[in-house]
Amino acid sequence: MSGSTSIYPLATALAKGCVKGPCKGMTFRILQGGSDVGVNDVARGRVTFGLSSRDPQASDPGGLVFNRIARDGVCIVTNPANRLANISRATVQAIFSGRVRNWSDVPGAKVSGPIQLVTRTPASGTADAFQNIFMGQNLRVAGNASQKSSNGLVEQAVRSSKTAISYLDFQFIAGTAPAPFNGVPCNLRNAKSGQYDGVRNLWLVSRGKPSGDGAKFLSYAKGAGQSIVAKGWVPLR
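Every letter in the sequence shown is one number past the one before it in my numbering, and letter 225, counting from 1, is 229.
In case anyone wonders, no lab produced these hints; they're calculated from the structure. Owing to the predicted nature of the structure, the values given are computational and were not obtained by experimental measurement. A virtual CB, placed ideally from N, CA and C, is assigned to each residue, including glycine. Hints should not be assumed to be uniformly reliable.
The calculated label-pair distances, taken between Cβ atoms and stated as ranges, are [unchecked claim]:
1) PRO126 to ALA228: 34 to 40 Å
2) ASP109 to LYS235: 38 to 44 Å
3) VAL104 to MET30: 46 to 52 Å
4) GLN160 to ALA94: 24 to 30 Å
5) ALA98 to LYS196: 28 to 34 Å
6) ALA94 to LYS28: 50 to 56 Å
7) ARG93 to LYS28: 44 to 50 Å
The calculated PhoX-like cross-link candidates involving lysine-lysine, where the alpha carbons are at most 20 Å apart (straight line), are [what the hints assert, rightly or not]:
8) LYS20 to LYS226
9) LYS24 to LYS220
10) LYS220 to LYS28
11) LYS28 to LYS226
12) LYS213 to LYS226
13) LYS196 to LYS226
14) LYS114 to LYS166
15) LYS20 to LYS220
16) LYS196 to LYS235
17) LYS235 to LYS20
18) LYS152 to LYS166
19) LYS24 to LYS235
20) LYS226 to LYS24
Please model the complete structure; the sequences and the hints are all you need to start from.
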């Protein structure tokens, strides 16, 4: 498997669970690189599954099947020294589009000075989810935003700068201050209940319908493996 850094922890946990049951004797190799990498790798036959934290796109190679295995949340995060009590969609759009450039113009900000925008590289499914959920079709992240290739690098950048703001999968928010979005805290409980709006799908992408070992793993991920999903993600049911 290869692809999304957001799904990597879940894919690893599911693989460890599956080898104790229906996947006994199988060997798993899980690589990261971003959702687009996973989609392209599986399309070219390099991996059994691509890991994608973005939904299917019209530009994806033909013959792919997106198999949903879970959902998770995307949080707007700042440095703990600049913890926001709330952030609205309008404020998110104003900041990330570059219309608002200084923290002194952001309601509830605890620091002042130029805003340091941190975003993900184009291959990221989390970047795609952020665009669709928070920005909409008519706005784009400002070109001066610092691009990072993984959730871990985003977390490190926000944790080390009092003026930084970005977005993270809620598995990676330790060391940052996740802001309630439209009055709702970004956490697993609110994602499961449907109260938090920033929720997206997580997919195992295959070339056609999986068979053999791939079918066994997918069946586990969507069946018994949902008990693993429920511990840190939003299960299918």
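Verification of the supplied hints:
Distance hint check for PRO126 and ALA228: the Cβ-Cβ separation is about 36 Å, which falls inside the suggested range of 34 to 40 Å. Taken as a hint, the range 38 to 44 Å holds for the pair ASP109 and LYS235, whose Cβ atoms sit roughly 40 Å apart. Look at VAL104 against MET30: about 50 Å separates their beta carbons, and that is inside 46 to 52 Å. Taking 24 to 30 Å as the suggested C-beta distance range, the pair GLN160 and ALA94 conforms, at roughly 28 Å.
Between ALA98 and LYS196 the beta carbons are some 30 Å apart, a value that agrees with the proposed interval 28 to 34 Å. Under the hint 50 to 56 Å, the C-beta atoms of ALA94 and LYS28, about 52 Å apart, fit the expected range. Range check, ARG93 to LYS28: about 47 Å between beta-carbon atoms, so the 44 to 50 Å window is met. Restraint check for LYS20 and LYS226: satisfied, since their Cα atoms lie roughly 15 Å apart, inside the 20 Å limit.
Of the supplied pair hints, the one linking LYS24 and LYS220 holds, its CA atoms being roughly 13 Å apart against a limit of 20 Å. With a C-alpha separation of about 10 Å, the suggested pair LYS220 and LYS28 falls inside the 20 Å cut-off, and the hint holds. Restraint check: the Cα-Cα separation between LYS28 and LYS226 comes to about 17 Å, which is no more than 20 Å; the hinted pair holds. At roughly 14 Å between alpha-carbon atoms, LYS213 and LYS226 fall within 20 Å of each other, so this suggested pair holds.
Distance hint between LYS196 and LYS226 is fulfilled; the C-alpha atoms sit about 17 Å from each other, no more than 20 Å. For the proposed pair LYS114 and LYS166, the alpha carbon gap of about 9 Å is at most 20 Å, so the pair holds. For the given pair, LYS20 sits about 14 Å from LYS220 by alpha-carbon distance, which is consistent with the 20 Å threshold. For a cut-off of 20 Å, the pair hint linking LYS196 to LYS235 stands: about 11 Å separates their Cα positions.
A C-alpha spacing of about 14 Å is found between LYS235 and LYS20, which places the hinted pair at or below 20 Å, so the restraint holds. Proposed proximity of LYS152 and LYS166 is supported: the alpha carbons are some 17 Å apart, at most 20 Å. For the suggested pair LYS24 and LYS235, the alpha carbons sit about 18 Å apart, so the restraint of at most 20 Å is met. Of the supplied pair hints, the one linking LYS226 and LYS24 holds, its CA atoms being roughly 16 Å apart against a limit of 20 Å.
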